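Enquirer: Letter by letter, the chains look like this.
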Amino acid sequence: MSGRSTALAVEGLTKSFGGLLVTASVDLAVEEGERRLIIGPNGAGKTTLFNLVTGELRPDGGTVTLFGRDITRVPGRQRAHLGISRTYQIITLFPRETLLRNVTLSLLGRSPLRWSPLARLERQTALLGRAREALARVGLEHLAERPLSQTSYGERRRVEIAMALAQDPRILLLDEPFAGLSIEERRDVLHLVARIPRDVTIVMIEHDMDVALDFAERITVLHFGHVVVEGTRSEVVAHPRTREIYLGE
Amino acid sequence: MRRLALAAALLILAALPLWASGTFYINIGSQILLYAVLALGINILVGYAGLVSLGHAGLLGIAAYTAARLLNGGHGHLVAVALALALTLAAAALFATLALRGSGSGIGFVMITLAIGQIVWGVAYRWISITNGDNGISIGARPSPLGLSLASPAHFYWATLVVFLAALGSMAILVASPFGASLRGTRDQPRRMAALGYHVWMIRFLAFLLSGLWSGVAGLLFLYYNQFVSPQAVALTASAEALLMVISGGSGTLLGPVVGAALVVVMKNVASAYIERWNFALGAIFVAIVVFMPEGLVPGATRLWRRAILQGTPRAAVAASGERPAR
Chain C
1 MSGRSTALAV EGLTKSFGGL LVTASVDLAV EEGERRLIIG PNGAGKTTLF NLVTGELRPD
61 GGTVTLFGRD ITRVPGRQRA HLGISRTYQI ITLFPRETLL RNVTLSLLGR SPLRWSPLAR
121 LERQTALLGR AREALARVGL EHLAERPLSQ TSYGERRRVE IAMALAQDPR ILLLDEPFAG
181 LSIEERRDVL HLVARIPRDV TIVMIEHDMD VALDFAERIT VLHFGHVVVE GTRSEVVAHP
241 RTREIYLGE
Chain A
1 MRRLALAAAL LILAALPLWA SGTFYINIGS QILLYAVLAL GINILVGYAG LVSLGHAGLL
61 GIAAYTAARL LNGGHGHLVA VALALALTLA AAALFATLAL RGSGSGIGFV MITLAIGQIV
121 WGVAYRWISI TNGDNGISIG ARPSPLGLSL ASPAHFYWAT LVVFLAALGS MAILVASPFG
181 ASLRGTRDQP RRMAALGYHV WMIRFLAFLL SGLWSGVAGL LFLYYNQFVS PQAVALTASA
241 EALLMVISGG SGTLLGPVVG AALVVVMKNV ASAYIERWNF ALGAIFVAIV VFMPEGLVPG
301 ATRLWRRAIL QGTPRAAVAA SGERPAR
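Chains as they are written, first to last, in the working numbering: chain C, 1 to 249; chain A, 1 to 327.
Calculated from the structure, these hints are not laboratory results.
It is possible that part of the hints are untrue.
Now the in silico label distances, taken between C-beta atoms and shown as ranges [to be verified]:
#	chain 1	residue 1	chain 2	residue 2	range
1	A	191	C	6	25 to 33 Å
2	C	70	A	78	47 to 55 Å
3	A	191	C	11	22 to 30 Å
Fair warning: this is a prediction, and the values are worked out from it, not measured in the lab.
Cβ coordinates follow ideal geometry from the N, Cα and C atoms, glycine included.
Kindly generate the complete structure, drawing on both the sequences and the hints.
Expert: What follows is the structure, encoded as structure tokens:
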């Protein structure tokens, strides 16, 4: 593992909402190409950690470093251009638009074309082709023209992932990608995530430990904003604190 | 089919001075078109950016007052128009900077645009040395672009039609462009758009400028049409009326603001001749629109039309064609 460089490093990251300490001096180092799982009970500060990494929230203290570059003060919108993509736990897509348009918006986010008031979006065949490819990657190209509001929850989860992958991220943050899915749908999404090439580093939040266990190389357990346990899959599973906090034993 | 309808509509509009009886109706046509330009401008913000402005009459007024002062100061029409639009753009930039502070949307945006509109009204009403106060400013004559005098109602109507078509055309291009898609994205999911790499503030700022520019153009048409501008033009009621045009016709649609402008102008001018309490009638119409077609006249009528067609088709035929009924 030591041969790989660090993709994402978080040092002393702290955030509180009023008197509630949500992220308590969190240290985290994810190596390039790693598959990291972050688990913890509700309210452990998992999503807040993601929001701090993507710049949607400003930390009270600490630093976020992406591929050796300190991005703590970089606005969120620029972090997308530096290679961070994320999915959301609560799906935040564009319900009035088609699946194709949803993914196209994601692609446009990283293209200078997004500023053009004169070009015709319908005629951007290269861009639309890439959007269809991204939909094909998650097995939804046959629904490209369908409005998002007419798709199932499981399909929307996959659109989320298609949008994140379309941005060609170097690091992908998945926030509970299995939440609310049936067993078959979970398996589909897990296959999908497993197929993502190794040049993409993946950090996944999951509430339900059993689903994502096979996916993870290293696991971080968060509890009340603190990193409680960190290690390989077997280390974490065997750790008494994990059982105590997470499994409620 | 669509093109045919478009060509027919264009022909009817262009020929209006020939079939409308008398200058009264030609002038109504000019008013509809000039307010449609204003409503189209406001629609960029209200419909596509999801930002409700109650201060756009202020921008219209800044253009009208600036041009009026310059014309009376002995400057030519070209200079007056260019400087008026430049000043309107500068004002729009300032307004946008103030209104887009903080979260940049929702009730804060409405309140700040309202306050700014009231400040412009206050200046128009009270800063008498510049605006001549309640008496307003009259200008000498309409311009003669390319040697064509716009003095007659018909000529002015055609000139207004050309400007209106330019506004409508530019709007159609904007809506179909990547920037238009980005703008609608910031309306529906601003947070998501930022995470996807979009500069949400800048997108809204540019939309405000464009909206301000067309409001300025409408202001110039307003000045040349009336050959007069007074504080009434920049009052809150004027901003509210323009907003109602957009919402009643259908915000976020191309033709909605145009239909809304026609509705308000016709009610104000034509219906007021027959119905004494036309304000009441207009209010009743707005209530009816909100109750039966909350999305506005254009999308609402389209919806009812589709439903009527579907009901006219026998169910067996729909099933046989393999299409899903009703979206």
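Enquirer: If a hint holds in the structure, say so; if it does not, say that too.
Expert: Structure-based check of all given hints:
| no. | hint | result |
| --- | --- | --- |
| 1 | A:191 to C:6: 25 to 33 Å | holds (28 Å) |
| 2 | C:70 to A:78: 47 to 55 Å | holds (53 Å) |
| 3 | A:191 to C:11: 22 to 30 Å | holds (26 Å) |
The earlier numbered hints are all upheld by this structure, with none contradicted.
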